[in-house]
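Student: Here the protein sequences come in this chain order: A, B and C.
Using the numbering used here, the first residue of the first sequence is number 1, and each one after it goes up by one.
Using the numbering used here, the first residue of the second sequence is number 1, and each one after it goes up by one.
Using the numbering used here, the first residue of the third sequence is number 1, and each one after it goes up by one.
Treat the hints as calculated values from the structure; they're not laboratory data.
Worth double-checking, as some hints may not be accurate.
Label-pair restraints from in silico Cβ distances [said to hold, decoys possible]: (1) B:Y55 to A:N227: 36 to 44 Å; (2) C:I36 to B:I65: 34 to 42 Å; (3) A:T166 to C:I36: 33 to 41 Å; (4) A:S123 to B:G49: 56 to 64 Å; (5) C:T116 to B:I166: 47 to 55 Å; (6) B:Y136 to A:K132: 54 to 62 Å; (7) B:S56 to A:K132: 52 to 60 Å; (8) A:S223 to B:I257: 54 to 62 Å.
Away from chain C, derived, C-beta distances all over 10 Å, residues of chain B [to be verified]: (9) W7; (10) K16; (11) F36; (12) T87; (13) T119; (14) S128; (15) F167; (16) S176; (17) E218; (18) W259; (19) T262; (20) E268.
Glycine included, each C-beta is placed from N, C-alpha and C at the ideal position.
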Amino acid sequence: MKLGISKLTIRYRKRLALVSIATAVSLLVGLAIPQANAAGLYPSKPKGTELNLYNWSNYIDPELLKRFTAETGIKVNLGVYESNAQMLAKLEAGARGYDIIVPTDYMVQIMQKKGLLQRIHRSSYPNGNNLKAEFVNPYFDRGRVYTVPYLHGLTGFGYLKDKVTTNPTTWKEFFAAIPSYPGKTTIFDDKKEVIDAALRSFGAKPCTKNVTQLQRAQDLIKSIKPNLNTIASSGNIGRLSSGTSVLLMMYNGATYKAKLANPNVVFVYPKDGMPLWQDNFAIPVGAKNIDNAKIFLNFMMDPKNIAQASNWAAYNNGIAGSEKYLLPAMQADTAFSPTAAQMALGVAMAPCSTQVNDLYTKVWTAFKG
Amino acid sequence: MTKQKSWSVSHLPLIKPIGIASLLFLYLPLFTVLIFSFNRSEDATTWGGFSTRWYSTILDNTDLIRSAKVSLSIAIPCAIIAALIATGLAVGIGRATGKVQNFLRALVNAPLVLPEIVTAVGTLALFSLVGLPLRYSSLLFAHIVMCVPFAFLPIRSRLRDFDENIFEAARDLGASSTRVMMKITVPLLVPALLSSGLLSFIISMDDFLTSLFVSGPETTTLPIYIFGLLKLGASPEVNVIAALLLIIPTLGLLVGITWTATRRRSNEARNK
Amino acid sequence: MKPRSTTEKEPGIYGPGLVSLPAYITGILLVGLPLIVVIVFSFLQRGEFGSGVIHKFTLDAYRTVFYETDLMGNQSLNFSFLKIILRSILLAFTVTIICLIVGIPTAIWIALQKKTTQRILIVLVTIPFWINVLARTYAWMLLLADGGLFNQFGAPVLLYTSWATFIGLTYAFLPFMVLPIYASAEKLDKNILEAAFDLGASGWRVLIRIVIPMIRFGIFAGIAIVFIPALGAYVQPSLLGGNKSMLIGSLINDQFGESRNWPVGSALAVLLLAMTGVILLATRRRKLEFV
Chain A
1 MKLGISKLTI
11 RYRKRLALVS
21 IATAVSLLVG
31 LAIPQANAAG
41 LYPSKPKGTE
51 LNLYNWSNYI
61 DPELLKRFTA
71 ETGIKVNLGV
81 YESNAQMLAK
91 LEAGARGYDI
101 IVPTDYMVQI
111 MQKKGLLQRI
121 HRSSYPNGNN
131 LKAEFVNPYF
141 DRGRVYTVPY
151 LHGLTGFGYL
161 KDKVTTNPTT
171 WKEFFAAIPS
181 YPGKTTIFDD
191 KKEVIDAALR
201 SFGAKPCTKN
211 VTQLQRAQDL
221 IKSIKPNLNT
231 IASSGNIGRL
241 SSGTSVLLMM
251 YNGATYKAKL
261 ANPNVVFVYP
271 KDGMPLWQDN
281 FAIPVGAKNI
291 DNAKIFLNFM
301 MDPKNIAQAS
311 NWAAYNNGIA
321 GSEKYLLPAM
331 QADTAFSPTA
341 AQMALGVAMA
351 PCSTQVNDLY
361 TKVWTAFKG
Chain B
1 MTKQKSWSVS
11 HLPLIKPIGI
21 ASLLFLYLPL
31 FTVLIFSFNR
41 SEDATTWGGF
51 STRWYSTILD
61 NTDLIRSAKV
71 SLSIAIPCAI
81 IAALIATGLA
91 VGIGRATGKV
101 QNFLRALVNA
111 PLVLPEIVTA
121 VGTLALFSLV
131 GLPLRYSSLL
141 FAHIVMCVPF
151 AFLPIRSRLR
161 DFDENIFEAA
171 RDLGASSTRV
181 MMKITVPLLV
191 PALLSSGLLS
201 FIISMDDFLT
211 SLFVSGPETT
221 TLPIYIFGLL
231 KLGASPEVNV
241 IAALLLIIPT
251 LGLLVGITWT
261 ATRRRSNEAR
271 NK
Chain C
1 MKPRSTTEKE
11 PGIYGPGLVS
21 LPAYITGILL
31 VGLPLIVVIV
41 FSFLQRGEFG
51 SGVIHKFTLD
61 AYRTVFYETD
71 LMGNQSLNFS
81 FLKIILRSIL
91 LAFTVTIICL
101 IVGIPTAIWI
111 ALQKKTTQRI
121 LIVLVTIPFW
131 INVLARTYAW
141 MLLLADGGLF
151 NQFGAPVLLY
161 TSWATFIGLT
171 YAFLPFMVLP
181 IYASAEKLDK
191 NILEAAFDLG
201 ASGWRVLIRI
211 VIPMIRFGIF
221 AGIAIVFIPA
231 LGAYVQPSLL
241 GGNKSMLIGS
251 LINDQFGESR
261 NWPVGSALAV
271 LLLAMTGVIL
281 LATRRRKLEF
291 V
């Protein structure tokens, strides 16, 4: 009899154990699934009415933002910065609460390593799969886990063809021409862009550790400095179109905008190489309005919307299907659409090592100081 | 025989011409901005005829209006709090010249004599050390600290003008210091409180450097926004904004002065 | 009866001493503490990847400021940073001198007018003080630009040169110089001047031997009020100077921003503090005042 009861008890206990385990598991799964959904699920509606956008100065169409507000009810608070380093410095100084930032490729990698970016869970977005094929796996964000492509472009230089008649086509010729136009030339206030350009002008590579090459770059930029009017990354569209500067470092899209105001403007894709940069939207850690940030990202993955951004800023984008909404005149212009050969000269900018960065800083301080 | 003054300002060499020249120097740029805000041309620096067209674009500028709101939302509380703190300092310490009091007074007044960049980075460094994120409250603290020494000036000068005997008498009659404060000091200080508040308000509205360092998302103040615009170079919109930044404080100041002048005159008339 | 002590020594005569507590807290927490933190940071190590600080004592920051290892590994006295510091001192000094040359006569001129005229003139001098420095700097961006008023009347383009920075700073600080000197000058006893003229002294003599010595405290105050902020200027070199010549203000801003080297930025701030201290000591009043 005891055996019979024990057998029953064992079977009962087993069943009880199984049922308990099953319940526990389903409970856990049941609890977990909504969590995962909450983290990855695209919000059905905005939460609150604010979005804190931290963007490059003069880099997004104000009308596009207004349309975003009209369509979603979310107001955009725009803060601006002038360089990736500035943006990073602000975030690290304690400015938490930005919902969307716009880091360039190499900065995405740096920030992701520092744990400053959040996953965006793109697959749950209605427009989440609208990326052009070649933009899905960039070196700095494979699979686009943290970012959505915004605009991309190349850094070269621009000049007024009625004032600069030597027809420069390389960085070497750019730097050589500067002393002929004292007070009418400008370069960027950007350590990496300027030093890289100087290095390229004599065949060296960006991120070089070779101190002789860096010294030569330093000597070069110091020698042209007296001929510069200002060292600035913004305000150059106006400077070029008005003739305040006749020869300057320029982004290709900005030069197109200058051309609209002054037909004498020419953009050059330097034959000795140039950076191909990709700007991206990302959600930083500490964002206050994550749902609204996702809605914004989704909005910017709509081909019509991103095309409006492209048309205003004159840079191309990474969203499939946007081509048909781009302005034909702009698409036909070389400043907007580089040829294959010109595109091949563009090199994606990877971050330099900390050691090389410090060397760059030495060069830049010696130059600026 | 009435004595004629044997000399005049013109006897002192160069005083009058330099004086007049400096006033012209001070006002030429201001008038230029004012006039150019009515420049029709899209090229901000070359005159192209008279027009008010750019003024209407201002109201569409949501970023401008938002930054103005942010600045106001900091400046108004800052003015009130700084005026109160400064009054507390003046009232509590009185004219005491003990070492501790002198040191603390110097400390509170330090932002007045130190370069702003030092206090700005110091504030940023402190906030970063204690982990205070950069948002509205941190900016407000930074502004209050900056405004207190300015708020202190009118209060101090008003207290200095008081007849001490009133206070001594009140003391001798047995009034507690709180009573003295509520019944005598505060009522006498009211006009100075207004100047204090106004001074703090303007200092806070105009502040750029400290705000630049300590600002975060949602706290883009008006000067920060304007600086961003200025970096893009001269433009007709900036002409209008600059002109407004000229006109509004000037009008406010003139209104304030006329008001105090008429009050004074009516007081004098009443006392006759 | 209790011996009556003068109010000079007595706190609390206007109200309870406790009322000044918020001011003390503000002063210590938000003025004293930041200064201490800056000094401490200047002796700490730079954070990883440049951000923030690591709490380890080191003199690296000061080493970077004063000595420089150039690209080739040669150590030398740091010309880059020292050049910037000297340039700032020179600029602040020149601005102060010009403000003195223009400001002293202006203050004296106003002080010698009729009372009502004085009031009007002082209001005129004060108005620019209330106008945002950005707007006042922008005015010079307009005037000195290529194609701007000065250029159209034949002057070379001064925008983006050190001249522009200099003009912008002088313009910004002139009211600061005039006001304290005027405060001294209005108390001038005109009878002394009258007596001097009656005795046959020339205008120059009266000016140099009598007026200026009598207003020297105002002059000292003016010097401090102009020189110190001019040392740390940031806006004018950035907008008018073309961002080419770094001054201490822009250098500190850069170290706390783009270059992300807080210890070096703090070390520079400490240097600036030290220079400020020297100026204040040199221009302080002899007798202690009700500050």
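Student: Now look at each hint and say whether the structure bears it out.
Tutor: Against the structure, the hints:
no.	hint	in the structure
1	B:Y55 to A:N227: 36 to 44 Å	holds (39 Å)
2	C:I36 to B:I65: 34 to 42 Å	holds (39 Å)
3	A:T166 to C:I36: 33 to 41 Å	violated (57 Å)
4	A:S123 to B:G49: 56 to 64 Å	holds (57 Å)
5	C:T116 to B:I166: 47 to 55 Å	violated (31 Å)
6	B:Y136 to A:K132: 54 to 62 Å	violated (41 Å)
7	B:S56 to A:K132: 52 to 60 Å	violated (41 Å)
8	A:S223 to B:I257: 54 to 62 Å	holds (55 Å)
9	W7	violated (4 Å)
10	K16	violated (6 Å)
11	F36	violated (6 Å)
12	T87	violated (8 Å)
13	T119	violated (7 Å)
14	S128	violated (7 Å)
15	F167	violated (5 Å)
16	S176	violated (8 Å)
17	E218	holds (20 Å)
18	W259	holds (13 Å)
19	T262	holds (14 Å)
20	E268	holds (14 Å)
In this structure, the earlier hints numbered 3, 5, 6, 7, 9, 10, 11, 12, 13, 14, 15, 16 are contradicted, and the remaining ones agree with it.
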